[in-house]
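Take the sequences, apply the hints, and build the full model.
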Amino acid sequence: MPSYSVRRQRIKEFKDVCSGTSDSIAQQVLEDNSWNVQQAINHFFNNRHLYPELKQGSKGKLEKIWKEYADKEDPSIMSEQGMLQFFKDCGVNPESHETLAIAWHLQSSEMGLFQKEEFVSGFSKSGCSDKKDIKKQIGQVCRSLSDEKQFKEFYKWIFHHVKEDEKKKTIPTELAIQLWQIVLSTKKHSMPLLEGWLKFSEKAQASNMQVVSRDVWEQIYDFLRETKSVDDYDDNGAWPVAVDEFVEFLQEDKK
19 MPSYSVRRQR IKEFKDVCSG TSDSIAQQVL EDNSWNVQQA INHFFNNRHL
69 YPELKQGSKG KLEKIWKEYA DKEDPSIMSE QGMLQFFKDC GVNPESHETL
119 AIAWHLQSSE MGLFQKEEFV SGFSKSGCSD KKDIKKQIGQ VCRSLSDEKQ
169 FKEFYKWIFH HVKEDEKKKT IPTELAIQLW QIVLSTKKHS MPLLEGWLKF
219 SEKAQASNMQ VVSRDVWEQI YDFLRETKSV DDYDDNGAWP VAVDEFVEFL
269 QEDKK
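Sequential numbering from 19 applies to the sequence shown in my numbering.
Think of the hints as simulated: they come from the structure by calculation, not from any bench.
Dumping the calculated DSSO-like pairs for lysine-lysine here, alpha-carbon to alpha-carbon at most 30 angstroms:
| # | residue 1 | residue 2 |
| --- | --- | --- |
| 1 | K73 | K30 |
| 2 | K154 | K143 |
| 3 | K167 | K143 |
| 4 | K167 | K30 |
Laid out in structure tokens, this is it:
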């Protein structure tokens, strides 16, 4: 454990970013994250709901904000134009993974759709009452994805988010490819085999990989992170069959 003076400094650093937190909450979150300030901040912004003693945002004010983005025919959902305006107001690129990061933060139940109840409840639990609060919250959530642990949680959540219903155990490969292109775009430098995997998936979706299971979705992420070239591949590893076939595809491609 760090010395008393270092702990006090880290508590101050945490509170400077996570406004409204007490010394005891700051210390609790820091202790849970081995006194790593950035890791603690990332955890806090994605899990603020775990600290109900903190001040909640004003639901009344959030409902007024919602009206600016709501669909005129069905005010319980955000319109397409409203969604684009919301992303613009929050400084979010509508074609990036950040839109999914917002859905993750709000725990949206349906892909490509923001609902009033989720919006108001989610941002209220995050302590937001105005657009400035919302923009700050979303910015921090997006920045938190630079932390590997947070990104992995986000990535795993996406599979469940995009499924047609709870009973489904797979998603269409075509959809998975679109998601990998968006979600893993920031990981290209650390995943040199990513482009090869996307090529393989494009080809395989017409034959033996028309759908992607949760196991393949989760394990391909680990494989692409760990394996920098075909030469690093361990065929004794417990990878899904799709990974073995991908490696064979790359080996054939090299000939």
